[in-house]
Amino acid sequence: MVKVKLFGIAKDIVSASYFEAESGVTVNHLKQNMIAQYPAFSNLRSVLVAVNDEYALDDVVIYENDDVAIIPPVSGG
Amino acid sequence: MVKVKLFGIAKDIVSASYFEAESGVTVNHLKQNMIAQYPAFSNLRSVLVAVNDEYALDDVVIYENDDVAIIPPVSGG
Amino acid sequence: MVDERIKILDEPLDSQEVIDLVASPAAGAIDVFIGTVRNSTQNKSVQRLEFESYDSMAIKEISKIIEKASEKWPVIKMAVYHRKGILDIGDIAVVIAVSSPHRKAAFEACQFAIDTLKETVPIWKKEVFDDGEVWVAAHP
Amino acid sequence: MVDERIKILDEPLDSQEVIDLVASPAAGAIDVFIGTVRNSTQNKSVQRLEFESYDSMAIKEISKIIEKASEKWPVIKMAVYHRKGILDIGDIAVVIAVSSPHRKAAFEACQFAIDTLKETVPIWKKEVFDDGEVWVAAHP
Numbered sequence: 001m002v003k004v005k006l007f008g009i010a011k012d013i014v015s016a017s018y019f020e021a022e023s024g025v026t027v028n029h030l031k032q033n034m035i036a037q038y039p040a041f042s043n044l045r046s047v048l049v050a051v052n053d054e055y056a057l058d059d060v061v062i063y064e065n066d067d068v069a070i071i072p073p074v075s076g077g
Numbered sequence: 078m079v080k081v082k083l084f085g086i087a088k089d090i091v092s093a094s095y096f097e098a099e100s101g102v103t104v105n106h107l108k109q110n111m112i113a114q115y116p117a118f119s120n121l122r123s124v125l126v127a128v129n130d131e132y133a134l135d136d137v138v139i140y141e142n143d144d145v146a147i148i149p150p151v152s153g154g
Numbered sequence: 155m156v157d158e159r160i161k162i163l164d165e166p167l168d169s170q171e172v173i174d175l176v177a178s179p180a181a182g183a184i185d186v187f188i189g190t191v192r193n194s195t196q197n198k199s200v201q202r203l204e205f206e207s208y209d210s211m212a213i214k215e216i217s218k219i220i221e222k223a224s225e226k227w228p229v230i231k232m233a234v235y236h237r238k239g240i241l242d243i244g245d246i247a248v249v250i251a252v253s254s255p256h257r258k259a260a261f262e263a264c265q266f267a268i269d270t271l272k273e274t275v276p277i278w279k280k281e282v283f284d285d286g287e288v289w290v291a292a293h294p
Numbered sequence: 295m296v297d298e299r300i301k302i303l304d305e306p307l308d309s310q311e312v313i314d315l316v317a318s319p320a321a322g323a324i325d326v327f328i329g330t331v332r333n334s335t336q337n338k339s340v341q342r343l344e345f346e347s348y349d350s351m352a353i354k355e356i357s358k359i360i361e362k363a364s365e366k367w368p369v370i371k372m373a374v375y376h377r378k379g380i381l382d383i384g385d386i387a388v389v390i391a392v393s394s395p396h397r398k399a400a401f402e403a404c405q406f407a408i409d410t411l412k413e414t415v416p417i418w419k420k421e422v423f424d425d426g427e428v429w430v431a432a433h434p
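Residue numbers (the working numbering), protein chains in the order written: chain A, 1 to 77; chain B, 78 to 154; chain C, 155 to 294; chain D, 295 to 434.
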């Protein structure tokens, strides 16, 4: 399993700091799965995924040792 | 007489902090007079005159109680 | 590579400290942007802000911004400090300082940095009002 | 009228002091410009600068700049400190701080202020080199 970090509104939607995803799936699959399980994600302006501290494209595959995070719309500054 | 303050390069050209001008002359007359007496003024990028802390037009007349200054090209900041 | 300093802190930011980091004998200009917590947004009174940060990635993304800025402008040094945690009205959320030989580049690089930071850096701000709270920019 | 603070000093400028003057609970953004003495100009090594100021008029002209800036942008507070006398490399010649609800106005008003200051405010700068000195911008 891959432990997916959650931040900001993503943490509120899931009501947790982490989400468990299958190893070997694509970033796109992860996002679709999250939206299916938590429909509130589909209301966000955007949902991106970071793998090892970099924004990841949809076809990137995530594995157990990757550092994966859901990045809801950012609002720093 | 009007005591005309000199700053920056104007002070260097005249080798003094003040210049004595006649009362009742125009700003233009003052400038022409300064250039005639100190030709180095004609080499400057600009020569402006301030009367009572405001940039003055050529036809303004200066009197003894006015606060008059020669303003060579500024370079603050 | 440009001389850069980046920090994400959960204690009050010291703007002078950030400015001092970019001083240089080759600099004729330093531009500093300080983002502070406003008492209102869209005519609603704000109680406080709460910032959350994905620190490791945020630092990398800020570093990319500095790198990009120094490709576009002759940046001498650049420093970015961002606050996280609970901020009250008037508190400093971010300080960006840029030194450059001339002023135009300092202004442009600094504005580029804060504009890009707000688009790419994984930090999130929650506005807390009297009657509720909202994650800024989360929804369309 | 906008809250303004102007000083022309012959002692070192404290940028934090100028920043503190423009803090406001209504401000979301503060932009600060700091002009510092560079060690070279046009590839010539600079020893020091000497600033001369026509104080009374300089303060009035700076006040006009602040007034004009606050007509063009939603400025909350603005402060301008200018140094005079002898300055060494790295010393601060000018600090301009502007607070505004949003960042774009703060950047634009600050840049307008330093650009206009260099055109209209009766302050003069002499660059001292190893082999001579020159009043900046005096000649075409």
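Any given hint could be a false lead.
Listed next, the stretches of chain B that the computed footprint assigns to chain D, with coverage defined by at least 3 CB atoms under 8 Å from CB atoms of chain D [what the hints assert, rightly or not]: (1) 79 to 91; (2) 101 to 112.
Simulated pairs of lysine-lysine, DSS-like, Cα-Cα distance not exceeding 25 Å [what the hints assert, rightly or not]: (3) A:Lys3 / C:Lys258; (4) D:Lys398 / C:Lys161; (5) D:Lys412 / D:Lys354; (6) C:Lys272 / A:Lys11; (7) D:Lys420 / B:Lys88; (8) C:Lys272 / D:Lys412; (9) C:Lys238 / C:Lys218; (10) D:Lys398 / C:Lys218; (11) C:Lys222 / D:Lys378; (12) A:Lys5 / C:Lys214; (13) A:Lys5 / C:Lys238; (14) C:Lys258 / D:Lys420; (15) D:Lys398 / C:Lys280; (16) B:Lys82 / D:Lys398; (17) D:Lys378 / B:Lys82; (18) C:Lys238 / A:Lys3; (19) A:Lys31 / C:Lys258; (20) C:Lys272 / A:Lys5; (21) C:Lys258 / D:Lys358; (22) D:Lys398 / B:Lys88; (23) C:Lys258 / A:Lys11; (24) C:Lys258 / A:Lys5; (25) D:Lys301 / B:Lys82.
Source of the hints: derived by calculation from the structure; they are not laboratory data. Just so we're clear, the structure is a prediction, and the values are computed from it rather than from any experiment. The beta carbon of each residue, even a glycine, is placed where N, CA and C say it ideally should be.
Now for the hints, and whether the structure bears them out:
1. Here the region 79 to 91 of chain B counts 6 residues with a CB under 8 Å from a CB of chain D, which clears the bar of 3, and the coverage holds.
2. Coverage of a stretch by a chain is defined here by at least three residues with a beta carbon nearer than 8 Å to that chain's beta carbons; for the region 101 to 112 of chain B and chain D the count is 0, and the condition is violated.
3. Simply put, Lys3 (chain A) and Lys258 (chain C) have alpha-carbon atoms about 46 Å apart, too far for the 25 Å limit, and the pair is violated.
4. A hinted pair counts as satisfied when its Cα atoms are at most 25 Å apart, and Lys398 (chain D) with Lys161 (chain C) qualifies at roughly 24 Å.
5. As the CA atoms of Lys412 (chain D) and Lys354 (chain D) are separated by approximately 14 Å, the hinted pair is consistent with the 25 Å bound.
6. Of the supplied pair hints, the one linking Lys272 (chain C) and Lys11 (chain A) holds, its CA atoms being roughly 20 Å apart against a limit of 25 Å.
7. A hinted pair counts as satisfied when its Cα atoms are at most 25 Å apart, and Lys420 (chain D) with Lys88 (chain B) qualifies at roughly 12 Å.
8. Restraint check for Lys272 (chain C) and Lys412 (chain D): not satisfied, since their Cα atoms lie roughly 32 Å apart, outside the 25 Å limit.
9. The hinted pair formed by Lys238 (chain C) and Lys218 (chain C) meets the criterion: a straight-line CA distance of about 20 Å does not exceed 25 Å.
10. Proposed proximity of Lys398 (chain D) and Lys218 (chain C) is supported: the alpha carbons are some 22 Å apart, at most 25 Å.
11. With a CA separation close to 36 Å, the supplied pair Lys222 (chain C) and Lys378 (chain D) exceeds the 25 Å bound.
12. For the proposed pair Lys5 (chain A) and Lys214 (chain C), the alpha carbon gap of about 17 Å is at most 25 Å, so the pair holds.
13. For the hint linking Lys5 (chain A) to Lys238 (chain C), the alpha-carbon distance of about 17 Å falls within 25 Å, and the restraint holds.
14. A hinted pair counts as satisfied when its Cα atoms are at most 25 Å apart, and Lys258 (chain C) with Lys420 (chain D) qualifies at roughly 22 Å.
15. Restraint check for Lys398 (chain D) and Lys280 (chain C): satisfied, since their Cα atoms lie roughly 22 Å apart, inside the 25 Å limit.
16. For the proposed pair Lys82 (chain B) and Lys398 (chain D), the alpha carbon gap of about 40 Å is over 25 Å, so the pair is violated.
17. At most 25 Å may separate the alpha-carbon atoms for a hinted pair to count; Lys378 (chain D) and Lys82 (chain B) meet this at roughly 17 Å.
18. In summary, the hint linking Lys238 (chain C) to Lys3 (chain A) is supported, as the alpha carbons are separated by about 23 Å, within the 25 Å threshold.
19. Only pairs whose Cα atoms come within 25 Å are accepted, and Lys31 (chain A) paired with Lys258 (chain C) is rejected, the gap being roughly 43 Å.
20. Only pairs whose Cα atoms come within 25 Å are accepted, and Lys272 (chain C) paired with Lys5 (chain A) is accepted, the gap being roughly 21 Å.
21. Annotation: proposed proximity of Lys258 (chain C) to Lys358 (chain D) holds, straight-line Cα distance about 22 Å (limit 25 Å).
22. Between Lys398 (chain D) and Lys88 (chain B) the alpha-carbon distance is near 41 Å, which puts this suggested pair outside the 25 Å criterion.
23. Restraint check for Lys258 (chain C) and Lys11 (chain A): the C-alpha separation of about 41 Å exceeds 25 Å, so the hint is violated.
24. The suggested pairing of Lys258 (chain C) with Lys5 (chain A) is violated, with an alpha-carbon distance near 40 Å, which exceeds 25 Å.
25. About 21 Å separates the Cα atoms of Lys301 (chain D) and Lys82 (chain B), which keeps this hinted pair within 25 Å; it holds.
Hints 2, 3, 8, 11, 16, 19, 22, 23 and 24 from the list above are not met by this structure, while the remaining hints are.
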